[in-house]
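Protein chains in written order, with our numbering: chain C, 14 to 335; chain X, 12 to 140.
To be clear, the hints were calculated from the coordinates, so they are not data collected in a lab. There could be a bad hint or two in this list.
[As the list claims (entries may be wrong)] To be clear about the criterion: a stretch of chain X counts as covered by chain C if any three or more of its residues have a C-beta under 8 Å from a C-beta of chain C, and this derived list gives those stretches: (1) 76-89; (2) 108-121; (3) 125-135.
[As the list claims (entries may be wrong)] Partial list, computed: chain C residues near chain X (C-beta under 10 Å): (4) Ala241; (5) Ser263; (6) Ile274; (7) Val275; (8) His281; (9) Ser309; (10) Tyr312.
Heads up, the beta-carbon is just placed ideally off N, CA and C, and yes, glycines get one too.
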Amino acid sequence: MLVRFWGTRGSLAVAQTAKTVRDKVAHALVTAGGRSFADDAAAKAFIDAELDFATSGTYGGATTCVEIDPAGEESAFIVCDMGSGLREFGIDAFRRMAEGHPRVFHFFLSHLHWDHIMGFPFFGPAFDPASRIIIHSGHPDAEQALRRQQEEISFPVPFDWLRAKIEFSTLEPGIPYAIEDLTVELMQQHHSHVSYGYRFTDSDGKVAVFSTDSEHKIERMDGEADVAFFFRDADLVVCDTMYSLADSVSMKEDWGHSSNIVAIDLCHEAAAKRLALFHHEPTYSDEDLQRMHRESIRYEELTREDNPLEVLCAYDGLEVRL
Amino acid sequence: MCTFLGGGMQADEDKESTMQWQDEQRGGAIVALPVGRVDEFTAQGFSAYLDASVDKAAGTPSKALIVDMAGLDYMSSRGLRSLTLAKRKADGAGVTITLAAPNGVMREILAISRYDKIFAVSDSIDDAL
Ligand SMILES: [Zn+2]
Ligand SMILES: [Zn+2]
Chain C
14 MLVRFWGTRG SLAVAQTAKT VRDKVAHALV TAGGRSFADD AAAKAFIDAE
64 LDFATSGTYG GATTCVEIDP AGEESAFIVC DMGSGLREFG IDAFRRMAEG
114 HPRVFHFFLS HLHWDHIMGF PFFGPAFDPA SRIIIHSGHP DAEQALRRQQ
164 EEISFPVPFD WLRAKIEFST LEPGIPYAIE DLTVELMQQH HSHVSYGYRF
214 TDSDGKVAVF STDSEHKIER MDGEADVAFF FRDADLVVCD TMYSLADSVS
264 MKEDWGHSSN IVAIDLCHEA AAKRLALFHH EPTYSDEDLQ RMHRESIRYE
314 ELTREDNPLE VLCAYDGLEV RL
Chain X
12 MCTFLGGGMQ ADEDKESTMQ WQDEQRGGAI VALPVGRVDE FTAQGFSAYL
62 DASVDKAAGT PSKALIVDMA GLDYMSSRGL RSLTLAKRKA DGAGVTITLA
112 APNGVMREIL AISRYDKIFA VSDSIDDAL
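The task is simple: from the sequences and hints, build the whole structure.
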């Protein structure tokens, strides 16, 4: 199983400014200290060895969209959420379909907030009459949400003009669904208009969990055993880690999001192997996210009891092979 | 002074995860001394003792609860969130909570969670009194 992150930002899409890029270039030049490089390969070797990610790259700014690629020849596309990262995925899907990939898409929606569906009107394959799109959701009103964002007041192209064959399927928690070569289960999460987490198990037994926009309320800590059970032994858990723990229990309580600290505790309890920090706060710079990533790794070390949990910080373009 | 075995309330015995609690009145404040670790197994007990100590502090002249952190190895998010629940109760009763003398690990955890921004943290009990 290969997990590709096409969009990792929460709430609002963001982009780097000219000033930010300039700061990165200046920092890189100072770090190079006057060295010269024979070619691009030598320069890239220097970048990989000596620059931190916040200088050499960016976490990106597209909103949530994560592809679960079971890597089977005949498998359909499996995609969690339709944030603005979906546009880029759609372009790549056309490339892969031209190489023979089946024109079938299974979407799994965490919920219907705008940052999680805003990419759909820009999803090229939805205009392709040869494509088949199945939209799975725990919400029975998913179709209403997608149609509404393409009403004339919001968007020039109505939903009914999409040429692909589009179907909606409402899933229920507690039932294992066999979809393509995957077993898919869902869990209801605490969030405005509720959200759902998804657990995907492939035929090799590899498990990826997608759990975004999920608040773990402090008055309900006894209920977290259910969440840990849902995450159990996962090879990768993608978790909403938008706020610091202090913010999530004070100023931003009831905003529907979680913290890096709670995500690590839950993954430890679940004996998960990898955690991807996800749904990044739009006001965070690359340096802020890198600091949060380093602190998360440190907290994991400090609180580890058994096997180590690898803590990744998701960025647009990250691929994780399970 | 009283001593409880914190983990006894819901501890998973295999994990041997325990937390003990003492509290006493000192200098007009309640000083509480939890010892051990606060994790998923002991957090509920930790929360119950904190709660009782807030009640005791509400009856003291200075309405202050000082949690002596020196005996805590570390605290997971469960413990931190228990502190928030206790703080809510304390705020309602006009009681202030100070976290005193955290060890190096606890200090890092308070910083990473940003709890050092929502709780008063002092280097020693004397500083907190
Ligand atoms: Zn969101
Ligand atoms: Zn949301």
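Each hint, compared with the structure:
no.	hint	in the structure
1	76-89	holds (count 4)
2	108-121	holds (count 3)
3	125-135	holds (count 4)
4	Ala241	holds (8 Å)
5	Ser263	holds (5 Å)
6	Ile274	holds (5 Å)
7	Val275	holds (5 Å)
8	His281	holds (8 Å)
9	Ser309	holds (8 Å)
10	Tyr312	holds (5 Å)
Of the numbered hints listed earlier, not one is contradicted by the structure.
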